[in-house]
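J.: Chain by chain, the residues:
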Amino acid sequence: MTLAARKQAPIYTGTRIPSPIPSVLQVDPVLREEGDILEVNFGPNHPSTHGVLRLIVELNGERVEGVEAVIGYLHTGFEKNMEQKTWWKAITYPERIDYLSFQINELAFVLAIEKLLGVEPPPKATWMRTLLCELSRIHSHLIWLGTGALELGAISLLWYCFRERDAVLDLFELVTGVRMHTRYFQAGGLAEDIPPGFFMECRKFADVFPGRVDEYEALLDRQAIWLERTKGIGLLSAEDAIALGQSGPVLRASGVDWDLRKVQPYLAYDQVDFHVPVYFNGDVYDRYKVRMDEMRESTRIVQQCLDGMPEGPWTVDDRKIVLPPRHELHTSMESLIHHFKLVTEGYRVPAGEVYVAVESARGELGCYVVSDGGSKPWRVKFRAPSFVALEATATTVAGSLVADLIAILGSLDTVMGDCDR
Amino acid sequence: MRKKGPGIFEQELGDLESKIGLTTVGKAVAWAQGHSIWPDTFGLACCAMEMIAIVGARYDVARFGAEVFRSSPRQADLMIVSGRVSHKMAAPLRQIYDQMLEPKWVIAMGACASSGGMFSNYAVLQGVDKVVPVDVHVPGCPPRPEALLEGIVRLQEKILAGVPPAYEIRGVAS
Amino acid sequence: MNFADVPRLTSVTEERGETTVVVETAGLREASEYLRDESGFNFLADITATDYLGWNERTVAGYWGHRGGRDINRPGSWGLAKKPEPKPKRFSVSYHLVSVVSGARRATRVRLQVWCDEGESVPSVVSVWPTADWHEREAYDLMGIEFEGHPNLKRILMDDDWQGHPLRKDYPIGGEPVRFSGAE
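Protein chains in written order, with our numbering: chain L, 2 to 422; chain R, 2 to 175; chain V, 656 to 839.
Be aware that one or more of the hints could be misleading.
Stated by the list, open to error - BS3-like, lysine-lysine: derived pairs with alpha carbons at most 27 Å apart:
id : chain 1 : residue 1 : chain 2 : residue 2
1  : L       : 342       : L       : 86
2  : V       : 809       : L       : 377
3  : L       : 342       : L       : 90
4  : V       : 738       : L       : 86
5  : L       : 263       : L       : 290
6  : L       : 116       : V       : 744
7  : L       : 90        : V       : 824
8  : V       : 744       : V       : 809
9  : L       : 116       : V       : 809
10 : L       : 116       : L       : 263
11 : V       : 744       : L       : 232
12 : L       : 342       : V       : 738
13 : V       : 742       : L       : 377
14 : V       : 742       : L       : 86
15 : V       : 742       : V       : 824
16 : L       : 342       : L       : 377
17 : V       : 744       : L       : 86
18 : L       : 86        : L       : 321
19 : V       : 809       : V       : 738
20 : L       : 86        : L       : 116
21 : L       : 86        : V       : 809
22 : L       : 232       : L       : 290
23 : V       : 824       : L       : 86
24 : L       : 321       : L       : 342
25 : L       : 90        : V       : 738
26 : L       : 377       : L       : 116
27 : V       : 824       : V       : 738
28 : V       : 824       : V       : 809
29 : L       : 377       : V       : 824
30 : L       : 205       : L       : 116
31 : V       : 738       : L       : 321
32 : V       : 742       : L       : 116
33 : L       : 125       : L       : 321
34 : L       : 116       : L       : 321
35 : L       : 263       : L       : 125
The set of hints was computed from the structure by calculation and includes no laboratory data.
Every value quoted in this text rests on a predicted model; they were computed, and no experiment measured them.
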């Protein structure tokens, strides 16, 4: 099929979204009468559900006839907790929501604060944020690949992917001091300057990594079992994907060219050159290909950020939001007062409501913030891409086997922290 | 009090051996148990990522005998509670703990499992020791893989020294 | 984009580059269908319920960290305490809509908003955007807003037998008081 013909051919006709409840696949009543339906609980503690997800699955032999997802086993009350903290302290919370691409969550919240404040961070902070977000995306896709392949039987990939993941976390530790949950972004820029030696290490990683991605792809792409288990499984058409609110790799594997980094560029994405992978079959294999290609594109972005990193300050110069440098506290009274006010009370953000959407590794991560003009948020809500991805379980799983259920869940790439918040 | 470090715990309890009444068979059994603790796959949240990292080649928990993560609690000795436990998850957690066969140990990994962590709110259980008796608490948010390995090593030292599992010494916190 | 033709429209405001379209709560489904079919907003990104209980009760100093500094000509912008603008009702439900077109290089977004009080119900938009299913369940679970017409309105994040709606402002934060902090 030519590319144009492939684009036009729909994945399936009509809609497969169950009715009346879009997120619950219900067993056909005729089958329930005649057939032998077994109700199985894929409990919250299961090695293959990527966290604490509970699926109530109704099986007819090996075929899945009914499925309902029960979530909430990791509900942490982030949103209410953030209302109790000042704006500065609240930035530590969003990271733990999606604990695989943690810096992108921080970014969404910090961008929302900056939008309310009306400040523009300096170019060095913007480019460094872009670089770290792309490294977060690579980190997330590596864990997805390692655990996803593990569940389908390609066990050795877990060790390879975690080797690269440790390399990425070494880079984070070099810059920020911690491996995970780095808390490096703040409203106005970065928390600290970039330490020397980082650029060289990052360049070494970016030179080696595309070769590694090729290795992983070679391990899987020509493996008959992998192809058998992923091609044609878990179909989702473009219309159903948009109706179900899917975004990110799931949407792009269904043929919709929609990436927030291109459509509404934030940070430095409009100044770097990268390609958005789009595939048209809407199955598990295409979602895997989208993520593999995204890892390569992210490496390209990282290399361009390293080449184009500007010099200059790493935070905005406004002492009403950013702490003054410590050496000034010895000599300047104003700096001391600013430091005191910022640490005890926090900066105040003008009243209003904003919604900022960024492209996380899973799709559109939105942060809706309402401020009353005070030093604490009034309401923070995260639009979690994994929450929405699980709504598509019922549509993609219809009529598949139990083993395919595992493959499909892996391809939706859900993180339960992100889903339950 | 002497400095902390690997092996010190074992030395400190060395003189208690006569009081606890370990025999050579007991020591052999303890040696076998301590060097082959099989954890249960109980990864909940961010700490689970660092727990999977110890399985990787760099941190390699296999050298301590604990690389076989069993999915079924019936086959596991150790439950590493890695991540925040919500009230909804507390009941399945206790159920999994009850399904494990004795002797069984629990490591509360991270700040959230030890005490609720940064989430002092309606949704999170303030410390997993409210539902299961805990042997070792590992601090950190998330703890580095080396910190979790230190926790597993300390647990090994406890087992080798003959300290009974937590459910024999103490119950759950109130 | 012109939102003047949206049925049951109450107001349209634009702030910081975002458009908020407020419609009458009873006409929400009509307005949603119009926005989906005529204006092309085929993607519902998020439904957020916000509780404004206590919004206008405490004053906030009008001194904010802003690059433009303090404007002595604008009352309340230089240190005098003032109250934020009062809101029409207790709860607002915001629907963030996007117009997704494959291959587009511009995103059109709008926030559709309705207001309701305690005990009032909001029409469900599951028939318009199927993804609203779980978002509305979450708003019901955490805020207690009833969505009339929802096929499966039950708790999603909290336990099935949980009492109360945690994200409301009159629901306590919970947790344990920290020792010696004076909070005990």
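J.: Each hint should be assessed against the structure and marked as holding or not.
T.: So, going through the hints one by one against the coordinates:
Between residue 342/L and residue 86/L the CA atoms are separated by roughly 15 Å; this keeps the pair inside 27 Å, and the hint holds. For the proposed pair residue 809/V and residue 377/L, the alpha carbon gap of about 31 Å is over 27 Å, so the pair is violated. The straight-line distance between the Cα atoms of residue 342/L and residue 90/L is roughly 14 Å, inside the 27 Å bound, and the hint therefore holds. Taking the CA atoms of residue 738/V and residue 86/L, the gap is near 20 Å; set against the 27 Å cutoff, the hint holds.
For the hint linking residue 263/L to residue 290/L, the alpha-carbon distance of about 19 Å falls within 27 Å, and the restraint holds. For the given pair, residue 116/L sits about 26 Å from residue 744/V by alpha-carbon distance, which is consistent with the 27 Å threshold. Pair hint residue 90/L plus residue 824/V holds up; C-alpha atoms about 20 Å apart against a cutoff of 27 Å. About 24 Å separates the Cα atoms of residue 744/V and residue 809/V, which keeps this hinted pair within 27 Å; it holds.
Taking the CA atoms of residue 116/L and residue 809/V, the gap is near 35 Å; set against the 27 Å cutoff, the hint is violated. A distance of roughly 20 Å separates the Cα atoms of residue 116/L and residue 263/L; the hinted pair therefore holds under the 27 Å criterion. Between residue 744/V and residue 232/L the CA atoms are separated by roughly 51 Å; this puts the pair beyond 27 Å, and the hint is violated. A threshold of 27 Å between alpha carbons decides the hint, and for residue 342/L with residue 738/V the separation of about 21 Å falls inside it, so the pair holds.
Note on residue 742/V and residue 377/L: the hinted pairing holds, with a Cα-Cα distance of about 19 Å set against a maximum of 27 Å. Taking the CA atoms of residue 742/V and residue 86/L, the gap is about 23 Å. The hint holds against a cut of 27 Å. For the proposed pair residue 742/V and residue 824/V, the alpha carbon gap of about 15 Å is at most 27 Å, so the pair holds. For the given pair, residue 342/L sits about 14 Å from residue 377/L by alpha-carbon distance, which is consistent with the 27 Å threshold.
The hinted pair formed by residue 744/V and residue 86/L meets the criterion: a straight-line CA distance of about 25 Å does not exceed 27 Å. The straight-line distance between the Cα atoms of residue 86/L and residue 321/L is roughly 18 Å, inside the 27 Å bound, and the hint therefore holds. A C-alpha spacing of about 37 Å is found between residue 809/V and residue 738/V, which places the hinted pair above 27 Å, so the restraint is violated. Proposed proximity of residue 86/L and residue 116/L is supported: the alpha carbons are some 19 Å apart, at most 27 Å.
Proposed proximity of residue 86/L and residue 809/V is contradicted: the alpha carbons are some 30 Å apart, above 27 Å. Using a Cα cut-off of 27 Å, the hinted pair residue 232/L and residue 290/L holds, with the two alpha carbons roughly 11 Å apart. With a C-alpha separation of about 15 Å, the suggested pair residue 824/V and residue 86/L falls inside the 27 Å cut-off, and the hint holds. At roughly 9 Å between alpha-carbon atoms, residue 321/L and residue 342/L fall within 27 Å of each other, so this suggested pair holds.
Distance restraint check for residue 90/L and residue 738/V: the Cα-Cα separation of roughly 24 Å lies within the 27 Å cut-off, and the hinted pair is therefore satisfied. Straight-line distance between C-alpha atoms of residue 377/L and residue 116/L comes to about 16 Å, which keeps the hinted pair within the 27 Å bound. Using a Cα cut-off of 27 Å, the hinted pair residue 824/V and residue 738/V holds, with the two alpha carbons roughly 18 Å apart. Restraint check for residue 824/V and residue 809/V: the C-alpha separation of about 21 Å stays at or below 27 Å, so the hint holds.
At roughly 14 Å between alpha-carbon atoms, residue 377/L and residue 824/V fall within 27 Å of each other, so this suggested pair holds. Simply put, residue 205/L and residue 116/L have alpha-carbon atoms about 35 Å apart, too far for the 27 Å limit, and the pair is violated. This hinted pair checks out: residue 738/V and residue 321/L have alpha carbons roughly 21 Å apart, not beyond 27 Å. For the suggested pair residue 742/V and residue 116/L, the alpha carbons sit about 22 Å apart, so the restraint of at most 27 Å is met.
Distance check on the hinted pair: residue 125/L and residue 321/L sit about 20 Å apart at the alpha-carbon level, within 27 Å; holds. The hinted pair formed by residue 116/L and residue 321/L meets the criterion: a straight-line CA distance of about 16 Å does not exceed 27 Å. The hinted pair formed by residue 263/L and residue 125/L meets the criterion: a straight-line CA distance of about 21 Å does not exceed 27 Å.
Figure legend: structure checked against the earlier numbered hints; hints not met, in rising order: 2, 9, 11, 19, 21 and 30.
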